[in-house]
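*Asks:* Protein chains in written order, with my numbering: chain A, 1 to 244; chain B, 1001 to 1244; chain C, 2001 to 2244; chain D, 3001 to 3244.
FYI, nobody ran anything at the bench for these hints, they're computed from the structure. The C-beta atom is built at its ideal place from N, Cα and C for all residues, glycine as well. Heads up, a few of these hints could be off.
Listed next, the stretches of chain C that the computed footprint assigns to chain D, with coverage defined by at least 3 CB atoms under 8 Å from CB atoms of chain D [said to hold, decoys possible]:
1. 2176 to 2189
2. 2217 to 2227
For lysine-lysine, the following BS3-like pairs were computed, each having C-alpha atoms within a straight-line distance of at most 25 Å [to be verified]:
3. K3098/D / K65/A
4. K153/A / K3153/D
5. K243/A / K1199/B
6. K2228/C / K2199/C
7. K3098/D / K3073/D
Protein chains: 4
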Amino acid sequence: MSRKPIAIIAGVGPGTGAAIARKFAAAYPVALLSRNPDTYTPIVDAINQSGGKAIGISTDVSDSKSVKAMVEKVKQEYGNDVKVAAAIFNASGAFVRKPFLDLTEEVLDASYAGSVKGSFLFSQATLPLLLFSTPTSEHPPSLIFTGATASVKGSALFAAFATMKFALRAQAQSLAREFGPKGVHVAHAVIDGVIDIPKTQAWGLAKEAMIDPNAIADAYWHLHTQPKTSFTWEIDIRPAGEKW
Amino acid sequence: MSRKPIAIIAGVGPGTGAAIARKFAAAYPVALLSRNPDTYTPIVDAINQSGGKAIGISTDVSDSKSVKAMVEKVKQEYGNDVKVAAAIFNASGAFVRKPFLDLTEEVLDASYAGSVKGSFLFSQATLPLLLFSTPTSEHPPSLIFTGATASVKGSALFAAFATMKFALRAQAQSLAREFGPKGVHVAHAVIDGVIDIPKTQAWGLAKEAMIDPNAIADAYWHLHTQPKTSFTWEIDIRPAGEKW
Amino acid sequence: MSRKPIAIIAGVGPGTGAAIARKFAAAYPVALLSRNPDTYTPIVDAINQSGGKAIGISTDVSDSKSVKAMVEKVKQEYGNDVKVAAAIFNASGAFVRKPFLDLTEEVLDASYAGSVKGSFLFSQATLPLLLFSTPTSEHPPSLIFTGATASVKGSALFAAFATMKFALRAQAQSLAREFGPKGVHVAHAVIDGVIDIPKTQAWGLAKEAMIDPNAIADAYWHLHTQPKTSFTWEIDIRPAGEKW
Amino acid sequence: MSRKPIAIIAGVGPGTGAAIARKFAAAYPVALLSRNPDTYTPIVDAINQSGGKAIGISTDVSDSKSVKAMVEKVKQEYGNDVKVAAAIFNASGAFVRKPFLDLTEEVLDASYAGSVKGSFLFSQATLPLLLFSTPTSEHPPSLIFTGATASVKGSALFAAFATMKFALRAQAQSLAREFGPKGVHVAHAVIDGVIDIPKTQAWGLAKEAMIDPNAIADAYWHLHTQPKTSFTWEIDIRPAGEKW
């Protein structure tokens, strides 16, 4: 029996991750990853209550043991021969905006761990499950990375953050070139603006000046539905009024 | 009475233009532009026969009189107060691949007329109708431009073609920054590969190595549906196996 | 007898063009082009008086006849077998900053003529003389184009200007890829800021906030001296305090 | 007494580093860094014998203690109030070209340490000495980073290498924006091709197809001489015949 492929989403908090989780859960069983169960539990519950299927797995994507344990849990839940239709890396190291000479080695290391090593380990864990998914999924298997303005612009005071966002983008681009010909759709999204999530809603911006997480989820879903003949590698998303 | 807004598509031939026309005709009455009625007539007929509403208008987008006459015909057909939900510039000057010293001034001028002046006149004609469309359309009014590999890479032997594709991209980018804050979604698509159309099907490429025009149309439709908080300015589209 | 190769500089006014002219006149006889003799005459005189060799030629680079006549004058002065060590395109269409819907077709055409057709005709006229210059010049023959911020960024209100600057950059890039392997060094400079020339000195900016034309000339000279193993295609130049 | 400022060059081996060291040693006393004394000793000796002044310091740029010890040695040799006219980061993690699923976490960590943390620690150590150098140096103090093709293109099989080169470039760009206004010239060079050094000479490429390290040194010197009004942030360098 060929089971339904699943979607794995890393970095599921109350904003973009949740919106992506809900979107993909409408089509696939999902595994939602976050370090802290508090962040994914409400979303897992909501999906399961509304007829979808979700599990949450506490995962530190920068720790290879934790990532391996995550894969084991996915297999326990969804079968040893589980296929992945979509793997989405929405995690990130902490946002850092600081004069360069005030940055510490620890901040750089943490930024590396969260953004670069995290995406590396997540990709190494999911690509083997993505590579053989085509026959069981309507759409080509997809590996999508969430980037930021700092993925393409190294602004002053962003030496740590932009460094790791550029790095993540390079990794995604290299994977797109290596795994596209093998049928995996690797894409990168430059989210250029403030996302409308609980934390940022306190900043006092106009609703219209913030990116709707559901629109990000819709864009990721559109990317996922693109056929093998027509892959998009990169999209940017920003509010209509954003200066860029 | 508030009438339905329409879509205007320039450069409607048997490939991408036709696919875009069919896609947008599912939601809007359409006006399809091409220099030669032979290219748009079958598409206009097919749309009208399948319950949609389409008119074809013979237009030389590089000629301001012809573009003005086009707008008049659109107004005759769809009303003087017609609103445009989507204007899509899919026209292009001829593809030219030639040693630089073999290019003539005439070739450069023709390339300018078809790609740059064409998009300029088309944008000037449609933007006033796009600017006031928001209230009557579910989605923000959209102005979308079709680009190519040569929009971002000036390869050897492409001095004329890449020159005008870079130019078109600059125009689109400038319009995105000027009209985004006014609510018009301006986007540019880098179509990076051979499109699967009648002409190219004779080239002997594998089906999978050519971009599906319907996937381009789907991507344009997705762009059109993005809310004002979440505009994409640029996407690239290429076959999974394309070298880039 | 093998005569000294010359340098041809288009767009010689009192600022950047003059600085480039003086710099290259220290090594080569020069031909200085401008539409109006008033702009090049003082520079021609100064070079000739200080022991260099310069001629001025009234040229409209956007007019093929004028460009042909220029080549004839160059040959009359410097010999039918004249070789060109460096050709520098520093001309430009007028700077235009205007709401898109206020632009006229004439403005776009003039911008095309000055920037794109001008560089096209200049390149077609000089490349044949550059191609065979290596043996007579110490440095590889060079074709250098002056760009601007708008060469890489299509800002709001710059639809005409950026369009043509992007186009110029594409042309330069295509030429670099076509003629590099033939030994001609084609380069493009993104001049990102206000240049310190008589006209802009009235704007009231701090001296330090404006680009020194002599520094541009030094950079072009450095580009010219790069050996065939080590060509730079693009440099950017901006004041230390410029926001970018 | 105001002593002459010095230049510090990290990553001094027999190729590019040596050429840069010789070039800057013609103007400044130099400190040459490499992990292994064997790589810098011949260059230190040659500079000292030809009338220059050089010291070599065994340094692991990815180790903060080692970098601190390096600064101490520099101060012992050149004075506690030493100023730095130019700091050049030419070190790199190992070149890695491998299928993504064959990469190990250790390879990624090593690549991070060598390229990203190394440049971070080097910049943090040298910037304070660069910031106050202007009055004692003829040219603005400069911090220059050596990049590669992989700094701007994430090719297949380059997930580890390109990731860290993109990261290095982001760091350099952020520093340029933060420290340019403070008078430090931060620049990044995209070395796009094989450099003509002992190791690569065995590869059998034509001499002309390899980048001359002395030309890289000349370019870095030119960057260093740019005045505060006219900083270049990025140059690319490649052989005339290189495909790009």
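*Asks:* May I ask which of the numbered hints given earlier this structure violates, with the numbers listed in increasing order?
*Replies:* 5, 6, 7
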